Amino acid sequence: MKTLRNLDDLRVLIPEPAPTTALKIRDHLTPRMAEFIASSPLCLISTIDRDGFPSVSPRGDQPAVATVQGANILDLPERKGNRLIFSLQNILERPRIGVLFLQPNVSETLRVHGSADILADPALASDLRSDTQPALCVIRLAVHSAYFHCGKSLMRARMWHPQDWPEPKAVSMGREIAEGARLGEDAAAALEEGVQERYVTDL
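Counting the sequence shown from 1 gives a position; my numbering is that position plus 8.
It should be emphasised that the hints constitute simulated quantities derived from the structure, not laboratory data.
Don't take every hint at face value.
[What the hints assert, rightly or not] With beta-carbon atoms standing in for the labels, derived distance ranges:
1. Glu-193 x Gly-89: 46 to 54 Å
2. Arg-166 x Ala-195: 36 to 44 Å
3. Ala-131 x Thr-29: 39 to 47 Å
Only a predicted model underlies this, so the values are computations on that prediction, with no experimental measurement involved.
Positions of the beta carbon are idealized from the N, C-alpha and C atoms, including for glycine.
Work out the full structure, taking the sequences as your base and the hints as a guide.
Below is the structure:
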């Protein structure tokens with residue numbers, strides 16, 4: 009077994025891309041990218057914590073998870089969650105982030121990278137409200153690069169083929185919390201009931 013330590017060794021296994029491949033990378037959002045974001049109800053946000061470790065968090069909304077404000081600006085509203093605010097805290101300390109946008113039944117994804125600020129603006133929060141509540145705050149991303157990622161990963165995963173999905177295995181957040189706190193079954197059940205209630209009231 010050999011652990012690769014440099015780019016030259018890696019390129020022995022994976023040759024240089026075709027010269028045209030990198031031409032898809034833009035320094036702004038094209039109209040096609042803006043249209044894709046406007047139809048994407050889900051994204052994954054990548055941030056870096058104070059120890060230098062990457063962290064990835066999902067965001068979801070309808071009809072779209074983000075709003076394009078211009079060729080180099082997009083806004084992601086912050087909704088109610090567990091209040092651990094890992095991603096927001098990371099942005100305050102290290103504002104460079106990456107966002108991966110996904111659409112149901114589309115194998116291609118959109119990757120966007122840039123620098124983020126956290127905005128507290130009541131008017132903007134109201135503009136980006138959900139069906140039930142305004143945004144708590146807004147992550148504003150200044151776009152440095154953006155490009156479409158080919159669909160091979162989701163095609164290999166057969167992500168949009170329900171006939172290939174495994175049987176669902178529900179995760180009990182109440183149980184996860186109770187086990188972490190070394191609490192019993194009654195506490196786990198009570199915590200899970202609260203979680204399920206907030207799934208209704210906090211969306």
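Hint-by-hint comparison with the structure:
no.: 1; hint: Glu-193 x Gly-89: 46 to 54 Å; in the structure: violated (26 Å)
no.: 2; hint: Arg-166 x Ala-195: 36 to 44 Å; in the structure: holds (39 Å)
no.: 3; hint: Ala-131 x Thr-29: 39 to 47 Å; in the structure: holds (42 Å)
The structure is inconsistent with hint 1 alone, although it conforms to all the rest.
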